[in-house]
Amino acid sequence: MTTATAATETAVDREAPTALTGAWRAFTLQLALFKHVWHGTVFTSVLLPILYMVSIGIGVGAYIDPASLGGLDYAAFIAPGLICSVAVMMLGNDMVFPVFGGYADWGGGYLAQRATPLRPVDILNGHLAYAVLFRPFTNCTIVAVVMAFFGVYTSWWAAFAVIAAALVSAAMAPWMHAWASTLKNDSNLNMIFRFAVMPISLFSGVFFPADQMPAFLQPLVWISPLWHGTELARAATADVAPALPPYAHIAYLALLAVTGWFAARRVIERRLNF
Amino acid sequence: MPDDNEILVSAADLRKSYGEHEAVRGVDFEIRRGEAFGFLGANGAGKSTTMRMIGCVSQPTGGTLEVFGRDPHTEGAAIRARLGVVPQDNTLDDMLTVFENLVVYAGYFGIRKKAARAKAEELLDFVQLSARAKDQVSDLSGGMQRRLAIARSLINDPELVILDEPTTGLDPQARHLVWERLFQLKHRGVSILLTTHYMDEAEQLCDRLVVMDEGRIIASGSPRELIDTHVTKEVVELRFGTAHTAELAALAHTLDGVGAQIEPLPDKILVYTDDADDTNAALEARDIHPSSVLARRATLEDVFLRLTGRALVEDEA
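In the order they appear, the protein sequences are chains A and B. Counting in the numbering used here, the first sequence runs from 915 upward without gaps. Counting in the numbering used here, the second sequence runs from 3 upward without gaps.
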């Protein structure tokens, strides 16, 4: 074989990667980028939860009668939702600008990957693995540990709150990826914060019981992935029964994840097949 | 042992349409191992579209295409594992260092970390960027970024390197550095496929090339063959003060017979001739005195002009 540089011949895989290998290879780009920005996540994962817990959990909580929350201390009430909220907040960073930039302008990481054995679906899976697995299981775990110092857990089952956060990511990430992949200019990128991240964070039963919302807003709560995740997480950390049976919450999040993945795959395949 | 006559890429009646627009309108070509093959043409001629199909990121809408004897439609990923690609806009990651750009890219080909690092060091040396290994990509000049993109394309020891407009947007010095590295690659027997709208680039680098215009191949051969076939050995450029377009077209009629063919352009008249001295003598004999006379050898630019009636790079013509 003709080698480009005479000195060494490198062991190169000359065949198409499997789906898992392809996703892993694409994921390594996100990992390399994370090494450059991890310090920024200290704010999201450590300082932000502390600020929330001190100001709202303890500060506002002092005015809230635990009896109104089924006997639950207010800090313990908001902690599980905050773990899931951090997952949503991270998606706002990971599944919007980097996705849009992957197709051009700010580096074109997807375009570079596309010229290699990676297929569009590998590129999608690699980025989703980062947003849905790596980020929740690192950053949300840190958040969960920080919360432990506020004494808000009833048992080790609380660890499942991180899985609930990952489920919320799984439900939302592919849809956000699909949306950001359809954008042709960056002027609309911030819309996701105004019309998705922000309202979802406020109206998903994180800071107050969702049934306190006016009846006409209830359907918005029911469709919010964060509400389903928060219900699951609160069941894990505070041992309170969720609004629906756990399997129903999980099934809804899984349905969003699967349908979202097919939508995202369709969009990325269109964008990366020229 | 590699077979020098082995065909790496073959296309027959290859077509690509986007809706109503037909970007590539049935092209045929073969690229052999070890050769430097070029697509020469103006912007929008269909060069990059053809390259994308060869690079297996764009599906042909008609005709047949084989790369390494395989079908890009069903075996795209395996074909891409053997290709090196230098895209026109580099697609380097600004957030990563020079070195990381290479190592991460190596991972896409399943190259293990240790081997990737060794290869990255070797390639940075090859493109003379070793001293910048730890710098962010955004700190590099345009020429350096292009050299880094070339280094990246070699990470998997590709059997064919595809370069899309490798020196567009670079200053002359940076262009020469890129050319010099590509020469080295050629010398080492790497098969190269490039698109360009610079005729000097095509002449210097390509063993064989095709001229594309409006989605079709209008001529093919070595640079020398193309010049010999389509234009005369020499060209005399005549300028007549500030005279242009219509005046020059009128003047061109008075030049009949001073060369093999007369081509009036907006700012000058080209006289295609096998002997510039004869042409000059003929002008003298007819008492025609241009304000400037430049005799030069014919180039691919002239071939393109003769074949299409247009300059390759309109704003530079």
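Just to be clear, a hint being listed does not mean it is correct.
Stated by the list, open to error - Mimicking DSS-like on lysine-lysine, the simulated pairs with C-alpha atoms at most 30 Å apart in a straight line are: (1) B/136 with B/188; (2) A/949 with B/136; (3) B/235 with B/188; (4) B/136 with B/115; (5) B/235 with A/949; (6) B/235 with B/136; (7) A/1098 with A/949; (8) A/949 with B/188; (9) B/136 with B/116.
As the list claims (entries may be wrong) - A few chain B residues that don't get close to chain A, going by computed Cβ distances all over 10 Å: (10) 66; (11) 87; (12) 89; (13) 95; (14) 112; (15) 118; (16) 130; (17) 141; (18) 177; (19) 215; (20) 218; (21) 245; (22) 255; (23) 288; (24) 292.
No lab work stands behind these hints, which were simulated from the structure alone. By construction, the Cβ of each residue, glycine as well, lies at the ideal position given by its N, Cα and C atoms.
Starting from the hint list further up, note which numbers the structure goes against and sort them upward.
5, 6, 8, 11, 12, 13, 14 and 15
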